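Colleague: What follows is each chain in one-letter form.
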Amino acid sequence: MDFDLSEEQSLLKDSVEKLVAQHYDFEQRKKYLQTPQGWSPDLWARYAEMGLLGLPFAEAEGGFGGGAVETMIVMEAFGRGLVLEPYFATVVLAGGLLRHAASSAQRAELLPAIASGTLRMAFAHSERQARYDLADVTTSARESAGSWRITGEKSLVLAGEHADRLIVSARVAGAARAQDGIGLFLVDAGAAGVSRRGYALQDATRAAEISFSDVPATPLGAPGKAFPVIARVVDEALAALAAEAVGVMAAMHEVTLDYLRTRKQFGRAIGQFQVLQHRAVDMLVAIEQARSMAFFATMMANEADATERRRALAAAKIQIGRSGHKVGQEAIQLHGGIGMTMEYKVGHYFKRMTMIELLFGDADHHLAELAAMGGLIAG
Amino acid sequence: MDLAFTKEEIAFRDEMRHFFRNEFPEAIRRKASEGRHLSREEMVTAQRFLNARGLAVPHWPQAWGGRDWSSIQTYFYQDEMQQANVPSPLPFNVSMVGPVIATFGNERQKHEFLPQIANLDIWFCQGFSEPGSGSDLASLRTSAKRDGDHYLVNGQKTWTTLAQYADWIFCLVRTDPAAKPQEGISFLLIDMKSPGITVRPIQTIDGGHEVNEVFFDDVKVPLENLVGQENKGWDYAKFLLGNERTGIARVGTSKERIRRIKELAALERSGDQRVIDNPRFREKLAAVEVELKALELTQLRVVANERRAQHGKPDPASSILKIKGSEIQQATTELLMDVVGPYAMPYQPQFEEGWNEPPIGPDYAAPAAPTYFNWRKISIYGGSNEIQRNIIAKAILGL
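Listed in order, the protein sequences are those of chains A and B.
Heads up: the first sequence at position 92 corresponds to 92 in the working numbering, and the numbers run straight through without jumps.
Heads up: the second sequence at position 394 corresponds to 1394 in the working numbering, and the numbers run straight through without jumps.
Worth flagging that the hints you see were computed from the coordinates, not collected in a lab.
Each hint should be verified, as a subset may be incorrect.
[What the hints assert, rightly or not] Cut-off 30 Å, straight-line C-alpha distance, at most; resulting in silico cross-link-like pairs (DSSO-like, lysine-lysine): (1) 1180(B) - 326(A); (2) 1394(B) - 326(A); (3) 30(A) - 13(A).
[Unchecked claim] Calculated from the model, a selection of chain A residues having no Cβ within reach of chain B, i.e. all distances over 12 Å: (4) 20; (5) 67; (6) 195; (7) 273.
Since the model is a prediction, treat every value here as computed from it, not as a measurement.
Built from N, CA and C at the ideal position, the CB exists for glycine as well.
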């Protein structure tokens, strides 16, 4: 058992943190947000140069052979900086689906293009009625004369607005919420019949509603058998989000501590008041518990036993959700009025944390799943 | 970074597991798992059983029975012991006074006391808190004045756990009333049979008798019973309190309690539904399991860091373990209350000694409320959770 990073991992951590520190101060970030896509293409190119965009892909496929720990390192640093580029959508989600479901020919075509920064992809999966049920897919895929076509509506597609290609989940057979009968398909985002409506989320990152009307599509893996892959990639994504959340929480806590040390009222720094000290301590306890579960999520993301993996990732998302909720609210409260303003950073961390809480199932959703699975400790 | 344990570590864990579950006296384990208090005799039997196998004081210096284990080995030892409901060796002996004597005592004291402390031939209790000195321990007033070849001790200690069983008490006493509070304190060993000592029981809200008041009225204590230097007792007390870094989280105990809660929740029914199948109960339980898993990993992070830590210097992260560990232990007592429902109400102290007539409700329900009441103590003793927060605010957050 060892919680230390290897030398290479430490180097990766240093270089990503340095990049974020240099390019993600509050004013710089505001500028990126003012562009149409809401992030910096220059930084995207830098990520490609640094190898971040190909990090989890096999070296033989144009990547760097990184695993869950490497993704954790990048996501935590990105969380600290509130990084806006669509790394999670392209590399973690779409990249994950390609790693686990694509043919070698598809991987040879797409992974090097992602790694070099020329191809951005998004995972179009959620639907209006599905809430957090990963198997609730009604978008349909039909085969005729050897080619597949997709029709349906996808919602809350992260970074879907400007993605070049989409991975779309669609039902080829089975009832509305059946795990069996779901396929994954590659779709050209510019194809006839695709219409996209982009919008901002609460934290200013972007998503899209996308409708597909008889759109040509290429299967990714065996049509109808995609659910285990989706579940697996979502669990990997939860591990990545857990790491991002730890970065967000740690940054919120640091900002709050700085404020407690410098803000003076009643003739002294407010951090000298015990009631505020104890609340800052409770934030730390919540963060350390979350960090422990982010490690656990990272270690269990590749667990071969899907049930054990699901238990672990559900547990991690519960802890992340609960800790994040508390830390975010306390960070605002301990700042007082200034924490409420758009011109101060702590509120932006709070909003990002709130989005992470809602992505791929909130704490209540995962708690219900974990409870139904009998919890973590065998009775 | 790798959460997996090495083959050697797993072999060690399995050896501990086998020993605690298969070789340790079953009757004592069962009694502990049922939430009943062990008698003095049972606690002595348990510790001697461990000591005979080199398992009472593995963290001591090797010359006095220590095993020179790695921090991860010590972790497995504690975790497996807790999970098997094996009572920990008396903490006042093995975690408190023993290490202080081994580190600061003279050779005569080491030879006289350490083997008997390890074997529980001498039972020590702890004389720190006083009626006016709880969280503000350094304000203590029990005095020791030199008078020829002995000290004359006067004052009162309180919350003295199991003083009714103790042969000796280790005390913080004020030897220099003129010095700053922390600088006039000494660490004395006092024979409980000394004339002038009176022990008065304190009954706690669970109905039990664990703690006592101890009065000292002109008690003569030989000068040779001073440990270390006069007026340096505060340093030894800090050493003592910082000695146990990770065991306080009691993750193994909470794991075992959750197993028992699941077992009992499968027996209790509400209508045609077992309590374990009630979604609301299951979610409450799962939420505690998640916090416990997180704490287990937090504890392992502290254990992994111990390789780099300085011996005898408290790791402020252990305050996190104390806060969270106590909250989770208390949550498990509430879950057991949820399981037994209305049968937590009857007051039936007979569960401790055996039933003369049939219990009201299931026999396993009787300890639920007393345990719930009693375990409120764990966020108070050993430095209340509020004191732990003060420590973290200062030592980790720099506020």
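Colleague: Would you mind marking each hint as holding or not holding in the structure?
Modeller: Verification of the supplied hints:
1. 1180(B) - 326(A): violated, 41 Å
2. 1394(B) - 326(A): holds, 21 Å
3. 30(A) - 13(A): holds, 24 Å
4. 20: Per Cβ check, residue 20(A) is outside 12 Å of chain B; nearest 21 Å; holds.
5. 67: violated, 10 Å
6. 195: For residue 195(A), whose nearest Cβ neighbour in chain B is about 41 Å away, the distance exceeds 12 Å, so it holds.
7. 273: It is violated; residue 273(A) is separated from chain B by about 9 Å at its closest Cβ, not greater than 12 Å.
In this structure, the hints that do not hold are numbers 1, 5, 7, in rising order.
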